[in-house]
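*Asks:* Next come the chains, spelled out residue by residue.
Protein chains: 2
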Amino acid sequence: MNKQITLAMGNGGEENNELISKIFYKAFKNEILEKSEDAAVIHGGELAFSTDSFTVSPLFFEGADIGKLAICGTCNDLAMMGAKPKYLTCSVIIEEGFSTRELEKIVRSMKKELEINGAIVVSGDTKVVPRGSVDKIFINTTGIGTIIKKGISSNNISTDDVILVSRDIGRHGATIFAAREGIELSSTLESDCASLIEQVEALLEADVCVTAMRDATRGGVSAVLNEWAKQSDICIEVEEESIPVSQEVYGICEMLGFEALNLANEGTFVLAVKKEDAQKALEILHSFENSKNAVKIANVSQQYKQKVILLSSYGTKRFLDAPTGELLPRIC
Amino acid sequence: MNKQITLAMGNGGEENNELISKIFYKAFKNEILEKSEDAAVIHGGELAFSTDSFTVSPLFFEGADIGKLAICGTCNDLAMMGAKPKYLTCSVIIEEGFSTRELEKIVRSMKKELEINGAIVVSGDTKVVPRGSVDKIFINTTGIGTIIKKGISSNNISTDDVILVSRDIGRHGATIFAAREGIELSSTLESDCASLIEQVEALLEADVCVTAMRDATRGGVSAVLNEWAKQSDICIEVEEESIPVSQEVYGICEMLGFEALNLANEGTFVLAVKKEDAQKALEILHSFENSKNAVKIANVSQQYKQKVILLSSYGTKRFLDAPTGELLPRIC
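So the protein sequences, as listed, match chains A and B. In this text, residue positions in the first sequence follow my numbering: the first is 5, and each later residue adds one. In this text, residue positions in the second sequence follow my numbering: the first is 5, and each later residue adds one.
Here chain A stands alone, though its shape is the one from the complex:
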């Protein structure tokens, strides 16, 4: 490779995966990393370990802020591996001149969300850089969680599984788009940003046979399904009409020409569960406000290996590819 890094290389989709595999995986080559899970499983399968840096703009938006996002993002990655978030680190890079009042507000959001997860920050780092070296504030959180149920993996999905989604999709992406474009909405569109540990704990405590979980962040549900199809060497057949999209998100998509399936979420997850447990999983999810509209969206087949198919109600089908292009930078 001898070119310039492009915004598309950070899109959570095709080009992003290429950058990661050609530069980072190639150099850091090891079995754990190559599993490409939401979190690494370490210490004899006992702990999950995951990192995320947050660069979202604007810092404060409907439904959340960068602080809440920084805790949800990392804690959700742990939860998706069946782990209970326990210890976090918090590293901030702040631009000279940033307001301490805003910083305090961000840190309060973090504290609140840490409590929901039952996790604590045990180590930190604070850098202040001159004006122009960073835009306001970037936050890295890295977390360790205790694995409640071993063996959850995006590499193990089979035709015995069905695919569920925990709620209507695309809210976070649509909210950030609207805020950046200055779109005034009469409705109350807000980010879905939320911690997912409660739902995950409820599913695992009820012994629901969960094969894999992934929160549909950058690249949205399209990215998750395509990654899963590749990782588990399967075909995922999505019933297009079953995908829940709110009126508000649908409106933004129409206005700006987006696919809700490509929009980022920050409190919405995709699940692969054994067919016979699907109903039970949905009932448990429906008992939570944030996943009261959880629904089955796809079956797994072997029809086209490593592909995702969208089936329309008219009986037509087309491939749903991983998102490509610039999408929206600084979404998370």
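Warning: the hint list may mix true and false statements.
Claimed, not checked - Below, in silico cross-link-like pairs of lysine-lysine (DSSO-like), each with a Cα-Cα straight-line distance of 27 angstroms or less:
1. B:39 x A:88
2. B:153 x B:140
3. A:30 x B:88
Read the hints as simulated data drawn from the structure, not as lab findings. This structure is a prediction, so every number in the text was calculated from the model and none was measured.
Model the placement of chain B on the given structure of chain A, informed by the hints.
*Replies:* Coordinates of chain B only, in the frame set by chain A:
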């Protein structure tokens, strides 16, 4: 607090500690965090956990680059707690337009330094942000290490200990200053940036009674000694003439009006060891190229609680305060 964040708040000294305690510790309050060690001790004392974000400018400098620094920085923080680095996460924030060739060079440096530490990167995150949102590339690494020897702590230093330094001080700070100011040196000044695990392992394997260790990064040796004086409620009496400073670093200090004691290091550590083990510790350190000039620099007393005193060869004494003011931003 209702003011703007200043560069001084990121200096590794007085104002930095104030920001951390008033905003972060206050919100995240817990026993582990408040111990203020180089790494948090978690999982029943079995593991150490530490994070650092790297924003150094320039990215490439004499003796190292941001990649090597990012691995040394976090691995050294683990080593300072008597832990063997094992698992790291790597999160990069890259500016659109950055060269993939430079990125590959940085990642190769990381790989090389990971091998020295016997650690692997198991989880990562890659963000690309638009031009002007970040200056080139920032890297966060967060690490988990297996504690070889329990009980090492900056809160336990007593008058039974003496203070050693592993090598001549101030090289990293002086190197970055020289590079930024465009100072041409006839000598071969380069950063001390290096992994410290080998020295630490040798000391612990030889059962040297190590009370505390800390790598003297931002804020230099002054910051470490002042933190230790406070944390262990002691007085540290430094023999000024014993502090090793190379001719090159001394020259930069004279030229620019710095104190070598305040300059950052990235492969130099301060040790508190039991008096009777000091000689043994020095002999072990001397067997490594990077610490062949290790030396005792201070005694511990109760004369002035929580203070550091500099004793001159003329018998005069003065307090050595924690560094204050802007120092050099983006040093690490």
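*Asks:* All hints, please: hold or fail.
*Replies:* Going down the list of hints, with the structure as the test:
1. Restraint check for residue 39 (chain B) and residue 88 (chain A): satisfied, since their Cα atoms lie roughly 24 angstroms apart, inside the 27 angstroms limit.
2. As the CA atoms of residue 153 (chain B) and residue 140 (chain B) are separated by approximately 39 angstroms, the hinted pair breaks the 27 angstroms bound.
3. Between the alpha carbons of residue 30 (chain A) and residue 88 (chain B) the distance comes to roughly 24 angstroms, so the proposed pair stays at or under 27 angstroms and holds.
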